[in-house]
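*Asks:* Residue-level listing of the chains:
There are 2 protein chains.
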Amino acid sequence: MNKSREVYAVIIAGGSGTRFWPLSREETPKQLLSIGSDKQTLLQATVSRVSPMIPLERTYIVTNSGQAESINLQLFPITGASWDSRLIVEPEAKNTAPAIGLAAIHLRHLDPQAIMVVLPSDHVIKNKKKFHNSVLIGVRASADGYIVTIGIKPDKPETGYGYIKSGKRIKEGIYNVEKFIEKPDKNNALKYLKDGNYYWNSGMFIWQADTILAAIKKYMPKLHEGLAKIEKALGTGKSKEITETVFSKFKPESIDYGVLERADNVAVVPAEIGWSDVGNWNALDCVMPVDMDNNVKKGNIISIDNKNSILYCGSRLVAAAGLENMVVVDTPDATLICSRDKAQDVRKVVDILKKRGAKEYMTHITVFRPWGSFTVLETSDRFKIKKIEVKPGAKLSHQLHHHRSEHWIVVSGTARVTNGDKAYDVHSNESTYIPMSTRHRLENPGKIPLQIIEVQNGDYLEEDDIIRFEDAYKRKTEK
Amino acid sequence: MNKSREVYAVIIAGGSGTRFWPLSREETPKQLLSIGSDKQTLLQATVSRVSPMIPLERTYIVTNSGQAESINLQLFPITGASWDSRLIVEPEAKNTAPAIGLAAIHLRHLDPQAIMVVLPSDHVIKNKKKFHNSVLIGVRASADGYIVTIGIKPDKPETGYGYIKSGKRIKEGIYNVEKFIEKPDKNNALKYLKDGNYYWNSGMFIWQADTILAAIKKYMPKLHEGLAKIEKALGTGKSKEITETVFSKFKPESIDYGVLERADNVAVVPAEIGWSDVGNWNALDCVMPVDMDNNVKKGNIISIDNKNSILYCGSRLVAAAGLENMVVVDTPDATLICSRDKAQDVRKVVDILKKRGAKEYMTHITVFRPWGSFTVLETSDRFKIKKIEVKPGAKLSHQLHHHRSEHWIVVSGTARVTNGDKAYDVHSNESTYIPMSTRHRLENPGKIPLQIIEVQNGDYLEEDDIIRFEDAYKRKTEK
Chain Z
0 MNKSREVYAV IIAGGSGTRF WPLSREETPK QLLSIGSDKQ TLLQATVSRV
50 SPMIPLERTY IVTNSGQAES INLQLFPITG ASWDSRLIVE PEAKNTAPAI
100 GLAAIHLRHL DPQAIMVVLP SDHVIKNKKK FHNSVLIGVR ASADGYIVTI
150 GIKPDKPETG YGYIKSGKRI KEGIYNVEKF IEKPDKNNAL KYLKDGNYYW
200 NSGMFIWQAD TILAAIKKYM PKLHEGLAKI EKALGTGKSK EITETVFSKF
250 KPESIDYGVL ERADNVAVVP AEIGWSDVGN WNALDCVMPV DMDNNVKKGN
300 IISIDNKNSI LYCGSRLVAA AGLENMVVVD TPDATLICSR DKAQDVRKVV
350 DILKKRGAKE YMTHITVFRP WGSFTVLETS DRFKIKKIEV KPGAKLSHQL
400 HHHRSEHWIV VSGTARVTNG DKAYDVHSNE STYIPMSTRH RLENPGKIPL
450 QIIEVQNGDY LEEDDIIRFE DAYKRKTEK
Chain W
0 MNKSREVYAV IIAGGSGTRF WPLSREETPK QLLSIGSDKQ TLLQATVSRV
50 SPMIPLERTY IVTNSGQAES INLQLFPITG ASWDSRLIVE PEAKNTAPAI
100 GLAAIHLRHL DPQAIMVVLP SDHVIKNKKK FHNSVLIGVR ASADGYIVTI
150 GIKPDKPETG YGYIKSGKRI KEGIYNVEKF IEKPDKNNAL KYLKDGNYYW
200 NSGMFIWQAD TILAAIKKYM PKLHEGLAKI EKALGTGKSK EITETVFSKF
250 KPESIDYGVL ERADNVAVVP AEIGWSDVGN WNALDCVMPV DMDNNVKKGN
300 IISIDNKNSI LYCGSRLVAA AGLENMVVVD TPDATLICSR DKAQDVRKVV
350 DILKKRGAKE YMTHITVFRP WGSFTVLETS DRFKIKKIEV KPGAKLSHQL
400 HHHRSEHWIV VSGTARVTNG DKAYDVHSNE STYIPMSTRH RLENPGKIPL
450 QIIEVQNGDY LEEDDIIRFE DAYKRKTEK
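Residue numbers (numbering that gives the first Met the number 0), protein chains in the order written: chain Z, 0 to 478; chain W, 0 to 478.
Some clues are possibly wrong.
To be verified - Heads up, simulated EDC-like pairs for lysine to aspartate or glutamate below, C-alpha to C-alpha not over 20 Å straight-line:
| # | chain 1 | residue 1 | chain 2 | residue 2 |
| --- | --- | --- | --- | --- |
| 1 | W | Lys383 | Z | Glu453 |
| 2 | Z | Lys383 | W | Glu429 |
| 3 | W | Lys383 | W | Asp463 |
| 4 | W | Lys248 | W | Glu91 |
| 5 | W | Lys390 | W | Asp424 |
| 6 | Z | Lys306 | W | Glu377 |
| 7 | W | Lys347 | Z | Asp304 |
| 8 | Z | Lys237 | Z | Asp83 |
| 9 | Z | Lys306 | W | Asp340 |
| 10 | W | Lys178 | W | Asp194 |
| 11 | W | Lys155 | W | Asp304 |
| 12 | W | Lys383 | Z | Glu388 |
| 13 | W | Lys296 | Z | Asp332 |
| 14 | W | Lys306 | Z | Glu429 |
| 15 | W | Lys347 | Z | Asp292 |
| 16 | Z | Lys170 | Z | Asp263 |
| 17 | Z | Lys347 | W | Glu323 |
| 18 | Z | Lys347 | W | Asp304 |
| 19 | Z | Lys383 | W | Glu453 |
| 20 | Z | Lys296 | W | Asp332 |
| 21 | Z | Lys217 | Z | Glu230 |
| 22 | W | Lys383 | Z | Glu377 |
| 23 | W | Lys306 | Z | Asp340 |
| 24 | W | Lys383 | Z | Glu429 |
| 25 | W | Lys306 | Z | Glu323 |
| 26 | Z | Lys297 | W | Asp332 |
| 27 | Z | Lys383 | W | Glu388 |
| 28 | W | Lys347 | Z | Glu323 |
| 29 | Z | Lys383 | W | Glu377 |
| 30 | Z | Lys306 | W | Asp344 |
As the list claims (entries may be wrong) - Here are some chain W residues the structure puts well away from chain Z; computed CB gaps all over 12 Å:
| # | residue |
| --- | --- |
| 31 | Glu68 |
| 32 | Asn196 |
| 33 | Pro369 |
No wet-lab data here; the hints were simulated from the structure.
In this text the structure is predicted, and so the values were computed from the model without any measurement.
We put the beta carbon where it would ideally sit given N, CA and C, even for glycine.
Extracted from the complex, chain Z is given alone in its bound form (with noise of 0.2 Å):
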């Protein structure tokens, strides 16, 4: 390994996700949430996979633009700080060849020598040390000048990955790619699997930044002409606009398609580390443990006579019996049922939920922000209640609203509230009222979570009735 080279890590989190609904939302794809684990996230699940090898400092984040304060607050328990400047943001999804080039611009900015490890932010892999060593391989030959890919050595014949087919050793651990196999049928994903010398497509790559825009240049060289006017920008303070008026006119291409089917210098990591994509539903007991029958379960779930089946819930009682082969997954607002061949169907559901405009397309009743959570207990036309979660020492913006009123009932810790020119404490059992039009503030001054039940009356209730004057969280604010 060239010791004057740094390693970079970029983890793509931009998909949406929709084959996890009803847990995943347009506002929670799919990276956000803890799916097969209790304890993190699958994006944090992939930074702290990564960080062993490379820093934190060197951890790059490619998203757009409205998952960024979610991943913020995903990351801030793991960094102890805003990853903002190591945020980089897309202005509209292309798919992956436009995502890692804007990556690899923005590296070779900062470091011309720089080796870039891109990780998909929503797998799950359960070997870490054998997936630090396969990285490992991968950075030693890209210093050489390799695209490496890392291959998922199969253990199935799966027909839903494209395929990878080594060629010649190159070294101890690393081979030529003779060929990119689309998507197979089932006799031809037997006979890989039986051959042994094919590999799934993980989406896991590693290259020099250099390298992979040489290539881009010569395979995509209108991708390429793009990047180089981002390039051009980059700390001029007019790149955001720039990036968003050349990003506009990218084609949606793979990198794989546009770049690694068609280059000479692909080299392939086989890797045996226990790796998932979770595709969807059906995937989850490659990533959970199951009972004597085959079921998956989580949650408040009365089980009987159930076979092979994912049961997925959350506090909601949910009986099951009898069930075989099926999906069941419960959310406060929204139930998903159906037989695991359907899974793929979730798109569908989720398609016609996007038409209809419904709110389970898009969030889920919990909603997290910076300062803590809210809940949307009960809504109607006149009023909406909510319960209110502060965290400790923090504070909401200092804000108003035109169309309601709010009440606010202290169930739980003490509140410092700014209503008008006033500012007072209000405890637990008390209540105070912010009348229309007024400026306010909410805050929790204290060392226990502040919990308050909201109470808001007005002929409008949506969350953009918010003009904000001050927020500790950088958030839009007026003047």
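On the provided structure of chain Z, position chain W as indicated by the hints.
*Replies:* This is chain W only, laid out in the frame that chain Z set:
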């Protein structure tokens, strides 16, 4: 028909209906639910069905003390008055023979010539006119001393019911009963269906009170002895106490087994009246419309490629894909998912919940009261949030709580509040506070429903921390 005899309806409404969980709960058994109808509960439909023939003043309901309040609440819209004087309350459930015997002595006490039409409260009958005609035939025969059952002409080889074999014709539309037959196996059920002289035992009976009591005396002498003691006490002020003592000694027995299978004056009226006993969720497609794929669908459902399934939901979103022969029932706090051949296993679920002392066994989150309803929106150790709706003109009892204070926020309508010594009105978007151990009352003096949000704070937040001082609905009060 003997014009000197009056006809009385006796509706049996004691069942617990665990087979319709989670729609049924201990506090709201099957007969109190609207199943297969948006307009009426099964009990309301039973009362409405019989009322064109038998006036409400001669319609009695046999039930238990736990259901009396709910029954009054449901029948108020039909009658505009309390049903109290026509509720015959069983101290304990002892199957149909003691229940029917109790009703018979009550009616004979009122009217020695009484004819009783005994009807279950939780069946569906689609053809009212034919039902009336069958009852009329039965009433005429009962005047001649017959014990009459209504037998349902089978339209499928059902193995879940007892059968009645008809014998010699007595008159147009009525036959002697040759024999009663226990639930048959499939082969025999097919034979009975083909034969044409076998009928389902529906639990609908017609007889003189005198006739059935004579038969009870002959075939169930111990039951008769007890009933005679109760009959003697009727009108003495001691009847409730004696009923309790006597009932505790009765063996649970059905009137079919105890009397009908032994008596020789039993007649059957064959009936084709669109009857269903709606025995469990599986029966729902007999009483509700089905779609092209033979699914019953109700509520906020997204349905993709389902077949022959029952999807019975409310306003919560449920998405179902690829189901075949499944039952899905969704309520705000609990969901049931089972294969149709396991619909009977719902009892097992209810048993488990009962053992756990789970609230989902007892009540729904919305509870109806004489003055309106309340819905529990959120609970924790230290607080509980309710939405309370009070009907125009109605009031809750004058009460106090030893263990909780209450914040009330009016979100619709006007509340008249008694708070200690003070009385005042609270309008929409205003709030008030009821301290612990303070006598208080909530009343709706207005013309539209009053909606308030109540936030309770305290160490103990159960419904039984209510000391009532005065109650418009005659519930238990102090002093």
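*Asks:* Could you run down the list of hints and mark each one as holding or not?
*Replies:* Each hint, compared with the structure:
no.	hint	in the structure
1	W:Lys383 - Z:Glu453	13 Å, holds
2	Z:Lys383 - W:Glu429	15 Å, holds
3	W:Lys383 - W:Asp463	14 Å, holds
4	W:Lys248 - W:Glu91	10 Å, holds
5	W:Lys390 - W:Asp424	16 Å, holds
6	Z:Lys306 - W:Glu377	34 Å, violated
7	W:Lys347 - Z:Asp304	11 Å, holds
8	Z:Lys237 - Z:Asp83	18 Å, holds
9	Z:Lys306 - W:Asp340	15 Å, holds
10	W:Lys178 - W:Asp194	15 Å, holds
11	W:Lys155 - W:Asp304	28 Å, violated
12	W:Lys383 - Z:Glu388	15 Å, holds
13	W:Lys296 - Z:Asp332	19 Å, holds
14	W:Lys306 - Z:Glu429	54 Å, violated
15	W:Lys347 - Z:Asp292	19 Å, holds
16	Z:Lys170 - Z:Asp263	17 Å, holds
17	Z:Lys347 - W:Glu323	18 Å, holds
18	Z:Lys347 - W:Asp304	11 Å, holds
19	Z:Lys383 - W:Glu453	13 Å, holds
20	Z:Lys296 - W:Asp332	19 Å, holds
21	Z:Lys217 - Z:Glu230	17 Å, holds
22	W:Lys383 - Z:Glu377	14 Å, holds
23	W:Lys306 - Z:Asp340	15 Å, holds
24	W:Lys383 - Z:Glu429	15 Å, holds
25	W:Lys306 - Z:Glu323	16 Å, holds
26	Z:Lys297 - W:Asp332	17 Å, holds
27	Z:Lys383 - W:Glu388	15 Å, holds
28	W:Lys347 - Z:Glu323	19 Å, holds
29	Z:Lys383 - W:Glu377	14 Å, holds
30	Z:Lys306 - W:Asp344	16 Å, holds
31	Glu68	26 Å, holds
32	Asn196	37 Å, holds
33	Pro369	23 Å, holds
This entry does not satisfy hints 6, 11 and 14, going by the numbered hints stated previously.
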